[in-house]
Amino acid sequence: MSDPVPPFPLPANDDLAAIFHEIGDVLEVKGELVFKTVAYHRAADAIAKAPFNVAEAYAGGDRRPIAGVGQAIADKITELATTGHMALHDRLRAEIPPSVIEMLAIPGVGPKTVRLVWEEGGVESMEDLRQAAEAGRLRGLRGITAATERRILDGIAQLASRSGRLRIDQAQAISDGVVDALRGTSGVTRIVQAGSLRRRRETIGDLDLLVETTDAAAVIERFTTLPSVDRVLGAGRAKASVLLREGVQVDLMVMPPGEAGTYLVHFTGSADHNVALRGLARDLGWSLSEKGFLRLGADGQPAEGADAELRTFADEAAVYGFLGLALVPPELREDRGEVPAARARTLPALITHGNLRGDLHSHSDWSDGVHTIEQMAEAARRRGHAYQVLTDHSQGLGIAHGLDPDRVEQQRGIIAALNARFAAEDAAGETPAGAVPGFRLLHGCELEVRADATLDYEDDLLARFDLVVASVHVARRQPRAELTARTLAAIRSAHVDVIAHPAGRMIGGRDDLDLDWDAVFAAAAATGTALEINGSPQRLDLAPERARRAVESGCILSIDSDAHRVEELDAVRWGVEQARRAWVEPRHVLNTRSLAELLAHVAGKPGRV
DNA sequence: GCCGTTTTCGGCCCGACTGTTTTCAGTCG
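So for the first sequence, our numbering puts the first residue at 1; every next one is plus one.
You may find that some hints are simply not true.
To be verified - Across the chosen pairs, the derived CB separations fall in these ranges:
1) 596 / 180: 39 to 47 Å
2) 140 / 51: 34 to 42 Å
3) 35 / 368: 48 to 56 Å
4) 399 / 375: 18 to 26 Å
5) 352 / 120: 55 to 63 Å
Said to hold, decoys possible - The list that follows gives simulated cross-link-like pairs (lysine to aspartate or glutamate, EDC-like), each with its CA atoms no further than 20 Å apart:
6) 239 / 212
7) 49 / 14
8) 605 / 466
9) 49 / 15
10) 112 / 32
11) 239 / 215
12) 49 / 512
13) 239 / 309
14) 30 / 14
By construction, these hints were calculated from the structure, which means they are not laboratory data.
Nothing here was measured: the structure is a model prediction, and the numbers come from that model.
C-beta atoms are modelled at their ideal positions from N, C-alpha and C, and glycine is treated no differently.
Please work from the sequences and hints to get the whole structure.
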């Protein structure tokens, strides 16, 4: 018997988190104790990060512990998951309308200002606020001048023009441009791209640069007057912020020479990671900030006078060491278990780009790629791969010029001829620069999983490929049961070796497929079918949290470029970065294996003869 | 509101920049 279906929809983790963020926001505007509001926001973040559907679990009576969610908030989740309502949320909404709370999103406008304009200015929404500021009706309020009104209007305009988060490849290009422009400024000895870009998040909100220099004024002057700067948001002696013409905010911090350690830690870690480090420091009797460690006195405040002491470090390893921790790689600094692991010396030995021996997913101009089979193979070979799998689309994906069985047969001949030439060159000692002798182009396909859960080629044709990558492109809006059944059908096929971009997402575009992930991970682990981390910066799918759960579930992964042109073969680097964020080690990844090991794994799939 | 091999009560991360209430509160990262 299945569970009774509740008469109201259960929220996804993101939606549940949004409710608690909203509660935290309302309490801030109400002037509630700050630690209480922080507790709601922290709980919301923890819920958003939870690796299972929290509302579903709570609805079923499974109140798994979540760090940051205590008795009171857990009860509220249960209330919402079992009744469809949360009394506190309803009451707070009645007290302060959401349209008032939305004003918190305006840069430069915080809870105190929102409360002031709402209670004393009668402002009920962002649009109200804009009109009141334009009409000069706010300046009578305590602490608000004409300049403040101007600032509020700027903030509203900035919010409207904000272009959302950047893809990591776009952010990297913009950041590189700024770094190049700052290089050579007098006194500058080092520039580090910190923040979420250094943590290699899939999307980036704003950019953080750390500049080691003996002449802070010079670099801040140069930075705030770059041609790419639209306007300066703020500039002091040690830091400055600008908005670029592209709409991206860049924050620059100056660090004194020889003291980079705590600066790098502070401006790289996520807020939660940093909070955890500061807590550790406090336990050891020190206050940690970007400037270094300040010794605490008996009163818990930084010691003064003769007892005052500031400890600085030249590099990050020394900072973590001072806290009794192993150096945490930037990609892991998200407060997802890395701090205890660093203390216990159980951090993973993360995969690197150099561990990859080949690429299991790429296209040519035979389907929807740009370059020829030979061009793609040569390019892969000269990148030092041991193997490259050509995986043009199967016949059903008409829009991508999928191949019918005759065309597949023709490809086979071309691939054999290329491999013969490569072998002859190797034998003659004419292996090209960058290449490794023995390179093989493998014949694969990207097999469409049809809407009815059947596969797009017959088994006898599939059996002749070296390796098969399967994926879902069509009928994406099916209910979860159907979509899951399709993915499971591919996983259980004796001929499918990799599930490509399993969630089917496009960053900033398509959402994830609605799959029963526990079922997918269990089947993939049982059959040895690899789940892909697709390196295309538009996809980066599996996402890190899912990839981490996949590995914990016993799955093997692949990290592939999905290249449609020669240059895109390098996209595996983005995939490797996401794998690192997922705590992935080389042993978890199929294409870290040698050609012989790869082929042995494929041949060993259950049901294969 | 959360949390504890130092605490079940009393703490809870830290500093720069801005503008104005000109000594500090508000906002941000």
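Hint check:
Between residue 596 and residue 180 the beta carbons are some 44 Å apart, a value that agrees with the proposed interval 39 to 47 Å. Separated by about 51 Å at the C-beta atoms, residue 140 and residue 51 break the suggested range of 34 to 42 Å. With their beta carbons about 54 Å apart, residue 35 and residue 368 fall inside the hinted range of 48 to 56 Å. Checked against the hint of 18 to 26 Å, the C-beta distance between residue 399 and residue 375 comes to roughly 23 Å, which is consistent with it.
About 58 Å separates the C-beta atoms of residue 352 and residue 120, a value consistent with the hinted range of 55 to 63 Å. A distance of roughly 12 Å separates the Cα atoms of residue 239 and residue 212; the hinted pair therefore holds under the 20 Å criterion. Annotation: proposed proximity of residue 49 to residue 14 holds, straight-line Cα distance about 9 Å (limit 20 Å). Straight-line distance between C-alpha atoms of residue 605 and residue 466 comes to about 13 Å, which keeps the hinted pair within the 20 Å bound.
Distance check on the hinted pair: residue 49 and residue 15 sit about 12 Å apart at the alpha-carbon level, within 20 Å; holds. A distance of roughly 11 Å separates the Cα atoms of residue 112 and residue 32; the hinted pair therefore holds under the 20 Å criterion. Using a Cα cut-off of 20 Å, the hinted pair residue 239 and residue 215 holds, with the two alpha carbons roughly 13 Å apart. Simply put, residue 49 and residue 512 have alpha-carbon atoms about 16 Å apart, close enough for the 20 Å limit, and the pair holds.
Pair hint residue 239 plus residue 309 does not hold up; C-alpha atoms about 24 Å apart against a cutoff of 20 Å. Simply put, residue 30 and residue 14 have alpha-carbon atoms about 24 Å apart, too far for the 20 Å limit, and the pair is violated.
Of the numbered hints listed earlier, those contradicted by the structure are 2, 13 and 14.
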